[in-house]
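S.K.: The primary structure of each chain is shown beneath.
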Amino acid sequence: MSASYLEIHGVKKSFGLKPILRGIDLSLHAGERMALLGANGAGKTTLLRILAGLTRSSAGRITIDGLDLMQQTREIRRKVGFVAHQPYLYDDLSALENLLFFARMYAVELPQVRSTLLLQRVGMGKKARERVSSLSRGQLQRLALARALLHDAQLLLLDEPDTGLDQDGLALLTELLAEHHAQGGTQLFTTHDLGAAMGRSDQVVMLSNGRVAYQRETASLEEASIRQIYQEVVR
Amino acid sequence: MNLLSQVWTILWKDIRCELRSKQMVIGMGLFALLVLVIFNFAFDLRVDNKAAVAPGALWVAFVFASFLGLGRTIAAEREKGSFDRLLLCPVDRKAIYLAKLLGNVLFIGVVEIVALPVFAILFNVPFSAGALIPIVLLGTLGIASVGTLFSAMAAATQARELLLPILVFPLIVPIVIASVRATGALMVVSANEPPWLGLIAAFDAIFLSLSTILFEYVIED
Chain U
1 MSASYLEIHG
11 VKKSFGLKPI
21 LRGIDLSLHA
31 GERMALLGAN
41 GAGKTTLLRI
51 LAGLTRSSAG
61 RITIDGLDLM
71 QQTREIRRKV
81 GFVAHQPYLY
91 DDLSALENLL
101 FFARMYAVEL
111 PQVRSTLLLQ
121 RVGMGKKARE
131 RVSSLSRGQL
141 QRLALARALL
151 HDAQLLLLDE
161 PDTGLDQDGL
171 ALLTELLAEH
181 HAQGGTQLFT
191 THDLGAAMGR
201 SDQVVMLSNG
211 RVAYQRETAS
221 LEEASIRQIY
231 QEVVR
Chain W
1 MNLLSQVWTI
11 LWKDIRCELR
21 SKQMVIGMGL
31 FALLVLVIFN
41 FAFDLRVDNK
51 AAVAPGALWV
61 AFVFASFLGL
71 GRTIAAEREK
81 GSFDRLLLCP
91 VDRKAIYLAK
101 LLGNVLFIGV
111 VEIVALPVFA
121 ILFNVPFSAG
131 ALIPIVLLGT
141 LGIASVGTLF
151 SAMAAATQAR
161 ELLLPILVFP
171 LIVPIVIASV
181 RATGALMVVS
191 ANEPPWLGLI
201 AAFDAIFLSL
211 STILFEYVIE
221 D
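Sequence lines, in order, name chains U and W.
Note that the numbering used here has the first sequence beginning at 1, numbered continuously upward.
Note that the numbering used here has the second sequence beginning at 1, numbered continuously upward.
Keep in mind the hints are simulated off the structure, nothing from the lab.
Mixed in with the good hints there might be a few duds.
[As the list claims (entries may be wrong)] Below, in silico cross-link-like pairs of lysine to any residue (SDA-like), each with a Cα-Cα straight-line distance of 20 Å or less:
(1) W:LYS94 with U:ALA107
(2) W:LYS22 with U:ASP91
(3) W:LYS80 with U:LYS12
(4) U:LYS79 with W:THR212
(5) U:LYS18 with U:VAL212
(6) W:LYS80 with U:ALA107
(7) U:LYS12 with W:ALA131
(8) W:LYS50 with W:LEU162
(9) W:LYS80 with U:LEU93
[Unchecked claim] Here chain U is said to cover these stretches of chain W; the calculated rule only asks that three of the stretch's residues, wherever they fall, bring their Cβ under 8 Å from a Cβ of chain U:
(10) 1-13
(11) 78-88
Glycine included, each C-beta is placed from N, C-alpha and C at the ideal position.
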C-alpha cells in the first residue's frame, strides 16, 4: 500500500477550555474522497480549517503529500483548494476580478484565460463583469468553486459545498468533483446530505463530540444502512 | 511570484475596492475637515497664538481621521471572511502587511491632501508646503505602520473600535509629538530645535521593522 496523501495523527483543538476535537486520526490516499459527517458542532469545520492552515491545532500532527502542515504551510497552500461554508469573496469586485485576483495570488499561468474559462465552466460566463454584491447565493457558491479549482489543487477541502446550489448547481458540483477525482485529485468534504456523501465519496467518516465515531468504505454501505448508522452514532 | 508582485496585487485589489465603495476615504475626509473647523471655532485664534494651536489641530485631525480608516483596514475583510481566504493564499505574510500598510498610507494621504488646503485657509498660518510634505509623509507612515499591525489584532476582537485607539495611541505619541513640533517649527522659526524629522524617521524605521516581523504572529488564529 502506498503512503497516505493526507495523514492526521492525534489532532486536538480547544477554544479556551472547550474541547472541539479530542484526538482525530484519519488518513486518505491520493485520489481518494472522504465524506465527513456529523451533527452541528461535531468539529467538522474546525478540522477542515486546521487542514487548510487557517487554524492551528492544539496538539497532533498533520502531513499533506509528505509535507508537515506546521512547518511547510506555504508549500501546502499551493496544493490545497478550499471551499468554505460561506463564499468569502470581495463584494466590490466583479466575478472575473475576484478570480483574477486569486489567480495572481496563486501565480496561475495566464490568469485571464484561466479565470474566464473557469467562469464559463461553472456557468457564470455571462456574469463575469457583474459585481459579486449583486450575485445570488448559488452564484456565489459557483464562483467559490471556480476559485478553489483555479490553481489545480491536488487536495480539495469542501465545507458543505452544496450550500445554496439549485439542482443544476448540484449537478455541476458533482461533475466538477468527478472531474477533479478523475484527474487524481483527493477530496475531503463535509455535508449533511447522506445521499451526496454516498455518491461522492470512497470513505465515510462520522464525527461525534470531537472524535471519529464511525469510519467505513462507502462501497460496503447502502444508503438505508448509513441513515440508520448516522442516527445511532451521531444523534 | 515575488514579494513586490504580491504586495502590488493585494494593494491594487484594495484600491479598486475602495474606489468603488468610497466608504473609508469619504468618512475619514469629512471627519478631518470637521475637526479642523471645530478647532478653528473653539479657539480664539490671534496672530500671536495661531502658530501654537494650528500644528496641534492639524495633527489631531490627521490622527483621529487615520483611526477611522485603520479600524476598517482588516476588520471589514474579517467580517466578510475574505481575510481568511486571503490568508489561505500561498503568499508571504509580509506582503499582506506591506500592502495593507501602503493602502493605509495612500488613503490617509488622500485625506491629508484634501485637508491641508482647508487647514491653510482656516488657520491662515504661513508655512512652506514643500517642507511640510516630508513631515506629513513620515508622520503618516509611522501612524500607519503601528496602526496596520494593531488593526489586525483588534479585528479579531469584539470591541475593535474601542481597542484600536487604546492600543495604538500610546505607541505613536512620540511620532505625534515630533510631527506637531516639526510642523510648528515651519510656522515659527525658533533656535535650537531638535531634529524632529530625524526622530520621526527613526521611530518609523523601528515600528516598520517590528510590525513587518510581528504581523504573521498577530494574524494567527
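S.K.: It remains to establish, for every hint, whether it holds in the given structure.
M.R.: How the hints compare with the structure:
With a CA separation close to 17 Å, the supplied pair LYS94 (chain W) and ALA107 (chain U) stays within the 20 Å bound. The suggested pairing of LYS22 (chain W) with ASP91 (chain U) holds, with an alpha-carbon distance near 13 Å, which does not exceed 20 Å. Restraint check for LYS80 (chain W) and LYS12 (chain U): the C-alpha separation of about 27 Å exceeds 20 Å, so the hint is violated. Proposed proximity of LYS79 (chain U) and THR212 (chain W) is contradicted: the alpha carbons are some 26 Å apart, above 20 Å.
With a C-alpha separation of about 18 Å, the suggested pairing of LYS18 (chain U) with VAL212 (chain U) holds against the 20 Å cut-off. Only pairs whose Cα atoms come within 20 Å are accepted, and LYS80 (chain W) paired with ALA107 (chain U) is rejected, the gap being roughly 24 Å. Restraint check for LYS12 (chain U) and ALA131 (chain W): not satisfied, since their Cα atoms lie roughly 58 Å apart, outside the 20 Å limit. Restraint check: the Cα-Cα separation between LYS50 (chain W) and LEU162 (chain W) comes to about 32 Å, which exceeds 20 Å; the hinted pair is violated.
Between the alpha carbons of LYS80 (chain W) and LEU93 (chain U) the distance comes to roughly 14 Å, so the proposed pair stays at or under 20 Å and holds. For the stretch 1-13 of chain W, the stated coverage by chain U is satisfied: 6 residues place a CB nearer than 8 Å to a CB of that chain, which reaches the threshold of 3. Counting residues of the stretch 78-88 of chain W whose beta carbon lies closer than 8 Å to any beta carbon of chain U gives 8, which reaches the threshold of three, so the coverage claim holds.
Hint check: violations occur at hints 3, 4, 6, 7, 8; the rest are consistent with the structure.
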